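One line per chain: the protein sequences are A and B, in this order. Under the numbering used here, the letters of the first sequence match residues 1 to 389, in that order. Under the numbering used here, the letters of the second sequence match residues 1 to 96, in that order.
Please keep in mind that the hints were generated in silico from the structure rather than gathered at the bench. From a predicted model like this one, the values you see are computed outputs, not experimental measurements. Keep in mind that a hint or two might mislead.
Derived EDC-like pairs: lysine to aspartate or glutamate, alpha-carbon spacing no greater than 20 Å straight-line [stated by the list, open to error]:
| # | chain 1 | residue 1 | chain 2 | residue 2 |
| --- | --- | --- | --- | --- |
| 1 | B | K75 | B | D38 |
| 2 | A | K345 | A | E190 |
| 3 | A | K33 | B | D61 |
| 4 | B | K34 | A | D34 |
| 5 | A | K313 | A | E178 |
| 6 | A | K249 | A | D118 |
| 7 | B | K75 | A | E8 |
| 8 | B | K75 | A | E115 |
| 9 | B | K55 | A | D29 |
| 10 | A | K313 | A | D366 |
| 11 | B | K23 | A | E23 |
| 12 | B | K62 | A | D118 |
| 13 | A | K163 | A | D129 |
| 14 | B | K55 | A | E25 |
| 15 | A | K192 | A | E115 |
| 16 | B | K62 | A | E354 |
| 17 | B | K34 | A | E190 |
| 18 | A | K32 | B | D18 |
| 19 | B | K23 | A | E8 |
| 20 | B | K62 | A | E23 |
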Amino acid sequence: MNQRVENELRSILNDLEKIGLLENELISDCLKKDGIRIPSLNTRHLTVLLGLLFIGLGYYGFFNAGVLYTEEEKILITRDIPASVGRDNTLYFPAQVQIERDDRYVDRWHWDYGEYGDLNGFIHRFHCDRTVQPLTVTCYRQGEKFKSYNAAIKPLPRSLAFKWSADKSMHYGVLDGESRNHGLWVKFLEDKAIEAELWNNGHQVGLTKLSDSGEWEIQVKVKGFNMPQDPVNAWHKVNDGFFDIEYAKTLMNLEHDTILYASTLGKLIFPHDQSENSRNGNSLKANNISQSNQPATVQVALSSNPWIDWEGKFKEQKRKVVLLQAWYHDDPTYIDGSVPRRGPKIDISSLSNEWVDVFLQNCYRDGRIRMLEYLKLHGYEPIASNGKK
Amino acid sequence: MGRPKVENKKETKSFRVDPRLWKLVQSEAHSNGKRTTDVINEALARHLGGVIRGKIDVDNDKLVHFLNRLDGVTKELGDMKGAMSEYESKSRKRTT
Numbered sequence: 001m002n003q004r005v006e007n008e009l010r011s012i013l014n015d016l017e018k019i020g021l022l023e024n025e026l027i028s029d030c031l032k033k034d035g036i037r038i039p040s041l042n043t044r045h046l047t048v049l050l051g052l053l054f055i056g057l058g059y060y061g062f063f064n065a066g067v068l069y070t071e072e073e074k075i076l077i078t079r080d081i082p083a084s085v086g087r088d089n090t091l092y093f094p095a096q097v098q099i100e101r102d103d104r105y106v107d108r109w110h111w112d113y114g115e116y117g118d119l120n121g122f123i124h125r126f127h128c129d130r131t132v133q134p135l136t137v138t139c140y141r142q143g144e145k146f147k148s149y150n151a152a153i154k155p156l157p158r159s160l161a162f163k164w165s166a167d168k169s170m171h172y173g174v175l176d177g178e179s180r181n182h183g184l185w186v187k188f189l190e191d192k193a194i195e196a197e198l199w200n201n202g203h204q205v206g207l208t209k210l211s212d213s214g215e216w217e218i219q220v221k222v223k224g225f226n227m228p229q230d231p232v233n234a235w236h237k238v239n240d241g242f243f244d245i246e247y248a249k250t251l252m253n254l255e256h257d258t259i260l261y262a263s264t265l266g267k268l269i270f271p272h273d274q275s276e277n278s279r280n281g282n283s284l285k286a287n288n289i290s291q292s293n294q295p296a297t298v299q300v301a302l303s304s305n306p307w308i309d310w311e312g313k314f315k316e317q318k319r320k321v322v323l324l325q326a327w328y329h330d331d332p333t334y335i336d337g338s339v340p341r342r343g344p345k346i347d348i349s350s351l352s353n354e355w356v357d358v359f360l361q362n363c364y365r366d367g368r369i370r371m372l373e374y375l376k377l378h379g380y381e382p383i384a385s386n387g388k389k
Numbered sequence: 001m002g003r004p005k006v007e008n009k010k011e012t013k014s015f016r017v018d019p020r021l022w023k024l025v026q027s028e029a030h031s032n033g034k035r036t037t038d039v040i041n042e043a044l045a046r047h048l049g050g051v052i053r054g055k056i057d058v059d060n061d062k063l064v065h066f067l068n069r070l071d072g073v074t075k076e077l078g079d080m081k082g083a084m085s086e087y088e089s090k091s092r093k094r095t096t
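Sequences are here, hints too, so could you generate the full structure?
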């Protein structure tokens, strides 16, 4: 090659470099036109590769990461929760474990109620049905204390279970050897049995309801299964061997503002006592204890019948709890009967003067103005030191 | 006895080119029995006019100046493949 050509090209390149065109780039561009180039990723290929990468990541995220997120990230486990007032003004007993999903609890585990009652070593697991309004929970027994979250954990087989709803209904029944509904389930509305279902290893085989005239009427039943004439009396016979009587007694001794263990489960476990009491005209309703001028505890103490004791004690406790709710919210509608769903009017005079004294003092101490006004209207001093005026 | 033979004699590069590109040009030149510098010279003579036409940094006066100089190079090469019309871009014509 002519040296002058080479020199001239060199000179041209130098001059071009002076106006900002780099020699390296110019030579590369020229060689590229002759097909000589450093192999590099084509932009189109790069785009395709990136697209495939994104699609792959998307598939992974959808089928794996997304599932993990919903299953793991939204579960919140809290331990040692103190007592509180929750949804539908429900008293929540202290829980040792609370499991929440999407900021709403699904499970509460209890094995120590502290000052609220003795569980005698039994383990409760309240499972909340999030799809039902109002709040509905089912309480199962569990064999072991909570260890780690398991959505598929089964209740203890052959054990007592109950379903409670904030509409004040309550079902009691038992589970079979595979933790399925079994035997006779009785539904109470407040403390009155109104419906019964017969179950056979997870399948309902009968339904009976209490009519307006007070008679049990069989609605439907599967051939081969006998629906008892009086489900309340038959409950403990039909379900015999499927529940622990000590657990049932433990439940009956618990005091809750809306779960009426004593006057509901008590009727199922000790139906004979109840019927005898009815025959003797010795029932609590017959005594009309709530309208008595004497403190309920005094009359209940006179009874030798355990069922009456439970019922009387429970009703008094229930009145107290409603009063405490009124104090908590500073809202007399809890006790004046003006809001039907909050129950009938509470007769404060049916409670002991000592208890009412303390209650008044607490209202004064905590500035419950509306409650103090209500109490004053009904004959109780705003600052009560001696109970009723 | 004598001086040891230098096996990897250092090659003087006539142009500032990316080392990887230089290697490619070297192998291209070797397969065609040419010098590396000659391959680059030919590529410059054939395409540099077209390349600088596409650069907006070069105004028309300068472009004409460089293209005239490249014409000289092409003539000098004489029998080099491709006439001026082949390597010049059609999209940007000389205006003077």
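**Item:** Holds or violated: K313(A) to D366(A), with C-alpha atoms at most 20 Å apart
**Value:** violated, 27 Å
**Prompt:** Has the given pair, K23(B) with E8(A), been kept, meaning a C-alpha gap of at most 20 Å?
**Reply:** violated, 24 Å
**Asked** Given the hint that K34(B) pairs with E190(A), does the C-alpha gap stay at or below 20 Å?
**Response** Not satisfied, since the Cα-Cα distance of roughly 106 Å exceeds 20 Å.
**Asked** Between K55(B) and D29(A), does the CA-CA distance stay at or below 20 Å?
**Response** Answer holds: K55(B) to D29(A) is near 12 Å, not above 20 Å.
**Request:** With a cut-off of 20 Å on the C-alpha distance, tell me whether K62(B) and E354(A) pass.
**Result:** Given pair K62(B), E354(A) is violated - Cα atoms ~111 Å apart, limit 20 Å.
**Item:** Hint consistency between K33(A) and D61(B) [alpha-carbon to alpha-carbon, up to 20 Å]
**Value:** Not OK: K33(A) and D61(B) at ~25 Å, beyond 20 Å, violated.
**Item:** 20 Å limit on alpha-carbon distance, applied to hinted pair K32(A) and D18(B)
**Value:** At roughly 13 Å apart (the allowed maximum being 20 Å), D18(B) and K32(A) satisfy the hint.
**Asked** Between K313(A) and E178(A), is the straight-line Cα distance small enough, at 20 Å or below?
**Response** Since the Cα atoms of K313(A) and E178(A) sit roughly 36 Å apart, the hinted pair is violated (cutoff 20 Å).
**Message:** Check the hint pairing K75(B) with E115(A) against an upper bound of 20 Å on the C-alpha distance.
**Reply:** With Cα atoms ~110 Å apart, K75(B) and E115(A) exceed 20 Å; violated.
**Asked** Does the structure keep K163(A) and D129(A) at a Cα separation of 20 Å or less?
**Response** holds, 10 Å
**Asked** CA of K345(A) to CA of E190(A), is that 20 Å or under?
**Response** Since the Cα atoms of K345(A) and E190(A) sit roughly 16 Å apart, the hinted pair holds (cutoff 20 Å).
**Request:** Given the hint that K62(B) pairs with D118(A), test it: the Cα-Cα distance must not exceed 20 Å.
**Result:** This hinted pair is violated, its Cα atoms lying about 101 Å apart.
Checked against the numbered hints given earlier, the structure breaks hints 3, 5, 8, 10, 12, 15, 16, 17, 19 and satisfies all the rest.
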